[in-house]
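Participant: Here's the letter readout for the chains.
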Amino acid sequence: MPDSTATTLDPTAWTCPAPLRDQPRIVMGHGGGGTLSAELVQHVFAPAFGGEALAQLGDAAALSLGGVRLAFSTDSFVVRPLFFPGGSIGDLAVDGTVNDLAMSGAKAAYLSCGFILEEGVEVETVSRVAEALGAAARAAGVEVATGDTKVVEAGHGDGIFVNTAGIGLIPAGVDLRPQRVVPGDVVIVSGAIGAHGVAIMSVREGLEFGVEIVSDCAPLGGLVEAMLAVTPDLHVLRDPTRGGLAASLNEIAAAAGTGVVITEREVPVPPAVSNACAVLGLDPFYVANEGKLVAFVPRAHADAVLEAMRAHPLGAEARIIGEAVADHPGMVVARTGLGGTRVVDMPLGEQLPRIC
Amino acid sequence: MCLAVPGRVLEIEERDGTRVASVDFGGVVKEVCLEYLPDLQVGEYAIVHVGFALQRLDEESARQTLELFSELGMLQEEFGDPWEAAAGQEVGK
Amino acid sequence: MKYIDEFQDPELARRLLDDIHATVTRPWALMEVCGGQTHSIIRHGIDQLLPDEVELIHGPGCPVCVTPLEVIDKALEIASRPDVIFCSFGDMLRVPGTGRDLFQVRGEGGDVRVVYSPLDALRIAQQNPDRQVVFFGIGFETTAPPNAMTVHQARKLGIRNFSLLVSHVRVPPAIEAIMRSPNCRVQGFLAAGHVCTVMGVDEYPALADRHRVPIVVTGFEPLDILEGVRRTVAQLEHGEHTVENAYPRAVRAEGNPAARAMLEDVFEVTDRAWRGIGVIPDSGWRLSAKYREYDAESRFSVEGIRTREPAECRSGEVLQGLLKPYECEAFGTRCTPRTPLGATMVSSEGACAAYYLYRRLTATSTPREASPVA
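Protein sequence lines correspond, in order, to chains P, S and X.
At position 320 of the first sequence the residue is numbered 320 (full-length UniProt numbering), and the sequence of numbers has no breaks.
At position 17 of the second sequence the residue is numbered 17 (full-length UniProt numbering), and the sequence of numbers has no breaks.
At position 114 of the third sequence the residue is numbered 114 (full-length UniProt numbering), and the sequence of numbers has no breaks.
Treat the hints with caution; some may be incorrect.
[Stated by the list, open to error] Here chain X is said to cover these stretches of chain P; the calculated rule only asks that three of the stretch's residues, wherever they fall, bring their Cβ under 8 Å from a Cβ of chain X:
#1 27-39
#2 328-336
#3 341-354
These aren't lab readings, by the way, just hints derived from the structure by calculation.
Every residue, glycine too, gets a C-beta built ideally from N, C-alpha and C.
Given only the sequences and the hints, what does the whole structure look like? Please build it.
Facilitator: Shown next as structure tokens:
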């Protein structure tokens, strides 16, 4: 690389010159959890809604209400197909919201549940989704307290969409925010990545392939509870869903104003996930998870937290994968197996199979 | 330009007059068209690109290539590190 | 996966790197032709581990990037028609044409589908006899045979609602064009292994002779790439210029004769424009007279669409190693990965896009020694 004084450009100031200008209509990438999603929130929703609570832009909002600290979150589920290896839209609707709450340290107490059904969908199918949702709620120890149903005309929906919202109490002394991350913090991932995304892709029209892997969807409240029992002083937690580990680490790095360095071979990736990615030309770091979390932990507590995670069934394969650094703020860098480095960038939109 | 991956043939069947194989890519199984490698057999490995087997993989060549790589260092270990040798010459001049 | 994992071994990589370091005595500029190799180089950080003397120039071998703006505009026009199901490999969806991409066409109601194989598109045509199904046939000599077979099958099975929008390109004429350009800096080529898997190596000795340039057929895993570099550098240091096969497990001298025969039956050689570079004589394929009725351009009357490449884009010079990306006036301002002007900014492996990302890193990092191979 030539030296950086050879140009008058200031690369640190590089941003998209005209966000949204080139996207007059919504494209799939706006729901992909990457740059396009972030821009939609930043340029359309946040200015329209205003409000301090929204400005946190976390997975869940931490709110004070009547002297109590609450976590409050909502998520919508549009997965196709409705039933996939290892779970269904019903499982995701519970685990997705429960996990968003867990990332603020809260144990989910109550959920709301809204169904948007397409005219013509079989009641039998709705019933199966509802059964799965109820079972997932019982497994997560959360109660569905209120709900709603709407029907749209045939052709205006895709079978079944589900929205859930949830609330839970944030324990005293717990303050999980990316802004608390400091250089030296240890990055821990709770287990092997990529299972959910690969399981979904294996049954997606046009991509079908056989694979033994099933979705990892699971409620993470218990694991978080075990971690907080070691110390309430964890800095930030994220569940790397859409956009995968790469998106979560980039969001944290950007909000924290630190860099992140990870060691590639420390990141657990099941062989079937890495091989499916090799066949489709994808990167496991960008593949979705539904039962994993990534934690930034003060170095002094890292070993104890790791031990507590490994003692929990959902954290048995937890690993330290890297650290926060003062260098390259806002950027995530991976050390490769050969000893080189590569930039792990924020994904733009959804990941696409490539041929090249 | 071309993402092509080695896979192992699990089974072969004939469909609409076309030979189609189930190919295993380390736990990921996909259907692959064998029209360009009609004599490929169950158990063999082939390079697959966009659903087509394009060439048989040659186990013996792969073995020889890896052997060559592992011998590269041996020569140096035997005759000394060329870096040091070069540095020594510089100093000795 | 067998044949992949063994070729990523860090210890053997160290041995190859040691050998390259020990062999090289002066600067050499090598071009890896294929975008897949560029991807692997960046993915594993291989360029940072090579001696400073070895410069890798990222070549034009990404079919997604070099598909001309004009063809993308034709694709957008066809995909917008209500009677059409437009099928494509995933990585073409985000490549911008004039003002929009295939994703946006889908947002506007177009039926655009991602498929893994061209045969999937043919199946969709069988399942939707009252719709027109168009497959976007891009790619080099590796991808052309699958697409050729698909058209052949369509004809054999009498599937008339299927057609191909063809933008196939060929490697040897591109190498020829690069070597002929004045001020060409490329001194050795890592040839694209998977192209040779199909085509064999007999197109290359004449090129190596004519331009006195070593050409080493190279694979895609880190050890393959290091071996390609090692052999090219060794030839250059010894003043040689021969064709070598450093990917013998997948490349035979004769390639795949069945695939070559099908290519010659379904396609014929034609001049082809490359995005950001211009027209290269004989560098493409189009459907032969026998299969012309499957040509989407004439079926949907889009031959008249003419789009000029932005004059501002200098990716042709970047691809030949004549210009560093940051030396281009548009770099980082009017040309970014979100708003690319040309081939090298379109794909994340393009030289300009890779540079854009990497410069952000180096500009915000404190300098330090490259870490050794672990």
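Participant: Would you mind marking each hint as holding or not holding in the structure?
Facilitator: Each hint, compared with the structure:
1. For the segment 27-39 of chain P, the proposed coverage by chain X is satisfied: 3 residues have a C-beta within less than 8 Å of a C-beta in that chain, meeting the threshold of three.
2. Counting residues of the segment 328-336 of chain P whose beta-carbon sits less than 8 Å from any beta-carbon of chain X gives 7, enough to reach three: the coverage restraint holds.
3. Judged by the Cβ-Cβ criterion of 8 Å, the segment 341-354 of chain P is covered by chain X as claimed, because 9 of its residues qualify and three suffice.
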